[in-house]
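Residue numbers (the numbering used here), protein chains in the order written: chain A, 1 to 426; chain B, 1 to 318; chain C, 1 to 274.
Derived by calculation from the structure, the hints in this document are not laboratory data.
Certain hints may be false.
[To be verified] Okay, derived cross-link-like pairs now, DSS-like style, lysine-lysine, Cα gap no bigger than 30 Å in a straight line:
#1 B:K66 to A:K326
#2 A:K184 to B:K156
#3 A:K77 to C:K129
#4 B:K221 to B:K202
#5 A:K346 to A:K61
#6 B:K55 to A:K187
#7 A:K322 to C:K129
#8 A:K77 to B:K221
#9 A:K326 to C:K49
#10 A:K141 to A:K159
#11 B:K202 to B:K313
#12 A:K141 to A:K411
#13 A:K411 to B:K313
#14 A:K136 to C:K49
#15 C:K49 to A:K327
#16 A:K187 to A:K141
#17 B:K202 to A:K411
#18 B:K156 to C:K49
#19 A:K74 to A:K301
#20 B:K164 to A:K181
[Claimed, not checked] Some but not every residue of chain A turned toward chain C, in silico, with C-beta under 8 Å:
#21 T49
#22 N66
#23 D68
#24 E80
#25 T87
#26 Q90
#27 H380
#28 P423
#29 L424
[Stated by the list, open to error] Which bits of chain B does chain C cover? Going by a derived footprint, with three or more residues having C-beta under 8 Å, they are:
#30 77 to 87
#31 121 to 129
All C-beta atoms, glycine included, are put in the ideal place defined by N, C-alpha and C.
Letter by letter, the chains look like this.
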Amino acid sequence: MNRMKAFTLTGFLAFILVLSACSSESGGNSGDSEASEDSVTLTIGSWRTEDKASYQKIIDKFNEENPDINVEFKPSKNTEYNTILNTALQSGEGPDIIHLRPYTPGIELADAGYLEPLDDLEGLDQYSDETLAASKGSDDKQYGVPLNMSTTQMFYNKKMFEEMGLEEPQTWDEFMELNEKIKKEGKTPIALGTKEGWLLSLSHGIIGPAHYGGNEFVDQITAGETDFTSDEFQSSIDAMDELKQFFPENYEGLGMEDIRTMFFTGDAAMFPLGSWEIEVLREMNPDLELGFFPIPSAVGKEPTITTWVDGSYAINASSEHKDAAKKFLQFMTTEEFGTMFTEEFKMISAIPGIESEDELVNALGKAAEEQSTPYMMLVHFAGGNPSTKATIETELQGMYLGERTPEEVAKTVQESAQSWYEPLQK
Amino acid sequence: MKPATNSNSVVKIKKERNWKRWTIHLFPIPALLIYGLFIVYPLFAALTYSFFDWKGIVRGEFVGLKNFKDLFTLEPFSGLFWNAFGHNILYFVLQMVFQNGLAFILAYIIYKKVKGSEFLKIAYFLPRLLSVIVVGFLWKLILNPNYGALNVILEKLGLEQFQKAWLGDPDTALISIILVNCWYGIGFGVLIFLAGLQSIPKELFEAGKLDGADGLSMIRKIVLPLMVPSFMIMTVLTFIQSFEAFELVYAMQGSQGEPYHSTDTLAIYFYRLAFGGSAGGSTTAVGLGSALAVVLFLFISFFTALYLRYMQKKQVDM
Amino acid sequence: MNHTIWTRPFYYVFAFLIASISIYPILLMVLSSFKTSAEIFTSPLSLPKTFNLDTYRNLLEMIPFTTYFMNSVFVSVVSVLLILITSSLAAFYIARFTFVWNNIIFFFFLMGMMLPIKLGIVPLFILMKDLNLLNSLWSLIFMYVATGIPLSILILTGFFRTMPRELEEAARIDGAGNLRILWNVVLPLMRPALGTVMIIQFIQSWNDFFFPLIFITDDLKKTIPVGMLSLFGEYSADWGALFAGLTLASLPMIVLFFIASKQFMEGLTQGAIK
């Protein structure tokens with residue numbers, strides 16, 4: 001009896017093995033298609049698993065002009081993308097075209113020699129210097145083609161505002177007032193949770209400029225003429241602290257999913273997130289009347305929308321198909337691509353002057369051009385280990401939990417920046 | 001049977017015996033080969049990273065023990081290290097009590113053939129079948145402060161004062177994760193202890209009964225001593241796993257040790273150093289990360305070796 | 001010892017309470033897989049309104065589940081077989097024979113658990129590249145065997161040591177070689193331990209997502225966990241599909257467990273006490 005069982009089990013296993021080996025063999029053969037003489041296959045690595053379908057359309061368009069260049073968009077899970085990419089690059093492998101994380105992480109790859117310089121690429125001159133800076137190496141060579149601008153601002157529920165008789169605030173005091181009013185009506189004014197640190201530097205990216213004085217401050221601090229313990233910056237931290245009265249109940253335990261749900265179900269009136277949320281929100285609740293407003297300044301300056309380049313495309317220095325890859329990147333600098341990109345992805349193209357049919361995206365794009373201030377922590381202070389950006393995230397988190405005072409937050413941020421940012425090290 | 005007295009057959013038998021004795025040394029070779037090539041070699045290659053300076057992911061010059069020194073003397077590295085280390089100790093203690101302690105009790109109950117033992121066995125082991133990602137995801141939902149099952153149930157029981165933002169409050173976040181880990185691992189403990197209990201020969205119990213021993217002293221005199229292999233396995237395993245705790249913490253709270261450093265463990269800290277945080281804007285410190293891994297390894301191996309030697313002596317005494 | 005504890009209600013209640021805590025989250029997952037996204041948010045704790053299989057149907061259209069399934073089966077089955085073979089041989093050697101270097105070898109194997117394997121990912125990647133195993137299911141198999149050996153040896157060695165020597169001695173006198181002894185005498189008595197190792201290692205290989213994530217780039221070669229991970233990003237809006245995916249990903253393990261537990265865990269008492 002035992003032997004019979006053993007035999008049948010082994011036989012069954014052997015059968016499965018043979019079956020699987022066959023299927024994975026044949027799957028394998030069709031998978032890594034050796035390029036026929038004239039056609040080439042490029043792989044694109046990215047973290048945007050959400051955009052797979054949209055990229056297929058882009059690729060189809062590209063293939064109209066370039067039929068013998070096959071392009072495969074192969075995204076990896078967002079949270080693991082850096083590990084996967086870095087491991088492959090360090091081993092001499094990796095996709096032909098790489099979706100670069102903005103600023104420091106991407107530049108790190110360039111400085112390590114894993115990317116191909118693109119200075120001779122057509123179409124690079126249409127981008128502003130700030131846009132190109134997101135993927136410019138420390139050797140001053142350009143390594144990436146900017147893809148899109150992301151913005152972060154206050155989204156709001158138009159219907160709720162209407163019902164409560166509220167209007168977009170023009171001054172900081174008006175902003176605080178409408179928060180109070182919403183709270184009195186029993187709704188949550190701002191949908192923000194503090195469980196996930198990255199949300200905190202993001203919302204500081206919105207609120208901060210209103211208090212530290214926008215672009216002027218950024219210019220000063222990047223030149224080392226002021227620092228994070230200055231009154232201006234301190235007041236931005238104090239403001240973050242003050243706003244917690246308008247966060248939802250149990251905000252310490254709420255993460256991204258929770259606050260997004262609160263907003264699109266109409267429990268909260270405002271949502272301090274990024275432009276990439278537009279598509280997601282609409283999918284979750286197509287009836288949501290979504291609006292945004294630039295944050296009014298508390299120090300008498302202009303209202304601001306916080307912007308940054310949110311990804312560029314680069315070429316793997318060890319790719320075997322650099323010419324083909326360059327063609328694809330070149331396609332990404334064309335107006336044709338820009339328009340298609342904005343339509344499909346509902347994001348703001350980094351190519352200047354692209355208009356979108358989507359009213360909201362269009363308005364956002366325009367505001368981004370006219371009233372922008374950079375997401376300072378991401379653009380300038382993502383270096384160091386732990387990075388200054390990560391430091392402000394943890395410190396703000398500690399502040400909301402009552403473990404840190406706003407002064408301690410500012411001081412720790414300054415210490416972090418001083419440890420690696422040269423202009424602040426004098 | 002005629003005894004083999006003539007010298008030829010004696011030599012033949014001796015040769016056979018030698019051959020058999022010699023082939024035994026081949027037994028561990030396959031395991032050693034695969035393990036050596038795919039685990040030992042890459043790990044030790046990577047451990048050497050700790051002796052170099054790293055700029056991002058590019059290796060710089062040889063710096064000897066500088067990374068180790070920085071890890072223990074520079075802030076914020078030192079503070080983060082000891083913070084994480086304390087968390088790992090808590091991890092170990094809680095797992096020993098709530099995972100292994102409970103597992104033993106449950107295994108004993110099942111061993112006594114309680115009605116429904118089959119169901120119990122399956123129920124306890126079911127969580128272990130899930131992927132850690134799924135476990136983390138499900139429990140994040142359950143622990144959600146506003147609509148998670150735990151808080152909802154507490155409310156229904158009239159125990160609102162115990163409601164908390166379990167994963168958002170630094171006082172409860174790590175403990176919640178550890179308890180979820182116990183939930184996950186208890187089934188394995190039950191299996192191991194059950195297997196251990198079932199390998200105790202029944203005759204011993206009969207003999208004990210004849211000697212007039214009652215339940216509790218039977219446990220003390222017969223069960224516990226014979227369960228030493230099972231205890232040893234679970235203790236060593238739990239020790240190693242709790243100091244290497246990563247997967248579930250990562251699944252539930254990400255790699256930043258949030259909220260406010262309260263869920264940081266040594267392996268999570270290692271991941272942050274060696275691979276950067278998981279979000280868009282973090283940098284890597286490969287040298288420090290490797291140094292941390294070396295320190296962790298030395299710590300775990302030292303204490304495990306001590307424990308194993310101690311247990312070996314004890315077994316010999318038995 | 002014959003007294004049944006179920007006459008002591010405390011232990012009974014205790015055991016079943018813990019059992020319900022063990023089961024609840026899984027029940028939650030399965031029930032949610034039958035709900036629509038809206039239902040999941042508005043009434044998370046209640047029974048689903050309908051039990052239709054729409055969410056599952058949607059899911060199977062979005063993801064090549066059968067391909068992932070066959071890949072997972074292949075990888076896990078081969079891995080577990082290799083682990084059992086290599087670990088039994090090594091554990092027998094360590095447990096039964098008192099060679100001077102045995103403790104060192106045992107500890108050598110344990111060391112593998114004391115380091116985060118992620119540490120070595122870059123040398124590993126290069127190794128796989130040099131062995132031409134990148135993007136091949138065999139890269140996964142070798143990793144799972146290598147990472148599974150330490151735990152398996154720990155468990156098996158522990159249990160091999162508890163075995164009475166008399167049987168072995170008898171077999172040896174009869175002229176049996178070491179391999180024969182292992183196969184005919186030792187292993188049959190070790191069924192609980194072997195069963196445990198088999199189940200644990202199968203789970204380990206089946207549920208791992210890290211190595212497929214790093215080594216496998218071809219969509220058709222992916223295993224179930226990686227395939228399911230994509231659900232979190234690509235289809236984040238459809239919670240019903242998400243839960244259906246999680247349930248489907250867990251189902252094979254649950255089914256296998258039911259089958260295997262009957263094989264290895266029932267009737268153990270027979271073999272063990274002899």
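Verification of the hints:
1. Distance hint between K66 of chain B and K326 of chain A is unfulfilled; the C-alpha atoms sit about 42 Å from each other, more than 30 Å.
2. Proximity of K184 of chain A to K156 of chain B is assessed by CA-CA distance (about 28 Å); at most 30 Å being required, the pair is judged to hold.
3. At roughly 22 Å between alpha-carbon atoms, K77 of chain A and K129 of chain C fall within 30 Å of each other, so this suggested pair holds.
4. Under the criterion of a C-alpha separation no larger than 30 Å, the hint pairing K221 of chain B with K202 of chain B is consistent with the structure, at around 14 Å.
5. Between the alpha carbons of K346 of chain A and K61 of chain A the distance comes to roughly 18 Å, so the proposed pair stays at or under 30 Å and holds.
6. About 49 Å separates the Cα atoms of K55 of chain B and K187 of chain A, which puts this hinted pair outside 30 Å; it is violated.
7. Taking the CA atoms of K322 of chain A and K129 of chain C, the gap is about 21 Å. The hint holds against a cut of 30 Å.
8. With a C-alpha separation of about 54 Å, the suggested pairing of K77 of chain A with K221 of chain B is violated against the 30 Å cut-off.
9. Restraint check for K326 of chain A and K49 of chain C: the C-alpha separation of about 53 Å exceeds 30 Å, so the hint is violated.
10. Of the supplied pair hints, the one linking K141 of chain A and K159 of chain A is violated, its CA atoms being roughly 48 Å apart against a limit of 30 Å.
11. Distance check on the hinted pair: K202 of chain B and K313 of chain B sit about 26 Å apart at the alpha-carbon level, within 30 Å; holds.
12. For the given pair, K141 of chain A sits about 35 Å from K411 of chain A by alpha-carbon distance, which is inconsistent with the 30 Å threshold.
13. Between K411 of chain A and K313 of chain B the CA atoms are separated by roughly 55 Å; this puts the pair beyond 30 Å, and the hint is violated.
14. Pair hint K136 of chain A plus K49 of chain C does not hold up; C-alpha atoms about 55 Å apart against a cutoff of 30 Å.
15. Of the supplied pair hints, the one linking K49 of chain C and K327 of chain A is violated, its CA atoms being roughly 53 Å apart against a limit of 30 Å.
16. With a C-alpha separation of about 51 Å, the suggested pair K187 of chain A and K141 of chain A falls outside the 30 Å cut-off, and the hint is violated.
17. Pair hint K202 of chain B plus K411 of chain A does not hold up; C-alpha atoms about 69 Å apart against a cutoff of 30 Å.
18. With a C-alpha separation of about 23 Å, the suggested pairing of K156 of chain B with K49 of chain C holds against the 30 Å cut-off.
19. At most 30 Å may separate the alpha-carbon atoms for a hinted pair to count; K74 of chain A and K301 of chain A exceed this at roughly 44 Å.
20. With a CA separation close to 28 Å, the supplied pair K164 of chain B and K181 of chain A stays within the 30 Å bound.
21. Contact between T49 of chain A and chain C, as hinted, is supported at the beta carbon level, the nearest pair being about 3 Å apart and thus within 8 Å.
22. This hint is violated: N66 of chain A has a C-beta 23 Å from the nearest C-beta of chain C, more than the 8 Å allowed.
23. At a threshold of 8 Å, the smallest CB-CB gap from D68 of chain A to chain C is about 22 Å, leaving the interface hint violated.
24. Because the closest C-beta pair between E80 of chain A and chain C is about 6 Å apart, less than 8 Å, the hint holds.
25. A hinted interface residue such as T87 of chain A counts as satisfied when its beta carbon comes closer than 8 Å to some beta carbon of chain C; here the least separation is about 5 Å, so the hint holds.
26. Nearest Cβ of chain C to the Cβ of Q90 of chain A: about 5 Å, under the 8 Å cut. The hint holds.
27. Annotation: interface hint on H380 of chain A violated; nearest CB of chain C at approximately 29 Å, more than 8 Å.
28. Proximity of P423 of chain A to chain C is violated relative to the hint, the smallest CB-CB distance being about 33 Å (cut-off 8 Å).
29. Of the supplied interface hints, the one on L424 of chain A is violated, with its beta-carbon coming no nearer than about 33 Å to a beta-carbon of chain C, more than 8 Å.
30. Taking a C-beta to C-beta cut-off of 8 Å, the region 77 to 87 of chain B contributes 0 residues in contact with chain C, too few for the three needed, and the coverage statement is violated.
31. Coverage of the region 121 to 129 of chain B by chain C holds [criterion: at least 3 residues with CB-CB distance below 8 Å; count 9].
Hint violations for this structure: numbers 1, 6, 8, 9, 10, 12, 13, 14, 15, 16, 17, 19, 22, 23, 27, 28, 29 and 30, all remaining hints satisfied.
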